[in-house]
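Undergrad: Sequence:
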Amino acid sequence: MVFGFLPYAQYFYETDDEKTFCRRLLDAAFMEFCTLAIVIILMVIGYSYLGTTNIPINTVALDFNLQASQIYSDESSFALLNTS
Numbered sequence: 001m002v003f004g005f006l007p008y009a010q011y012f013y014e015t016d017d018e019k020t021f022c023r024r025l026l027d028a029a030f031m032e033f034c035t036l037a038i039v040i041i042l043m044v045i046g047y048s049y050l051g052t053t054n055i056p057i058n059t060v061a062l063d064f065n066l067q068a069s070q071i072y073s074d075e076s077s078f079a080l081l082n083t084s
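First residue of the sequence shown? That's 1 in the working numbering, and the numbers climb one at a time after it.
Here are the in silico distance ranges between beta carbons for each label pair:
#1 Val44 x Leu6: 21 to 29 Å
#2 Gly4 x Tyr47: 19 to 27 Å
#3 Phe3 x Leu26: 16 to 24 Å
In case anyone wonders, no lab produced these hints; they're calculated from the structure. For every residue, glycine included, the Cβ atom is placed at its ideal position computed from N, Cα and C.
Construct all of the structure, not just a fragment, from the sequences and the given hints.
TA: Given below as structure tokens:
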């Protein structure tokens, strides 16, 4: 409702009062369609460029000798470092 009806009501309110009621409805619908098209285009462009991220992950693991070792992952490669 917030993204559909409220902008449509605002666009309808801003239309010219001298036009017929049907023409005002069509003008408001056209402005709403244009707004939604621009928002969808911006969201698709934003998702295509910002849809992925590289998050570094640090994991601490214990082996059977209770010796702490630290595993670093850098994107797709893993390196095992002994801290002893």
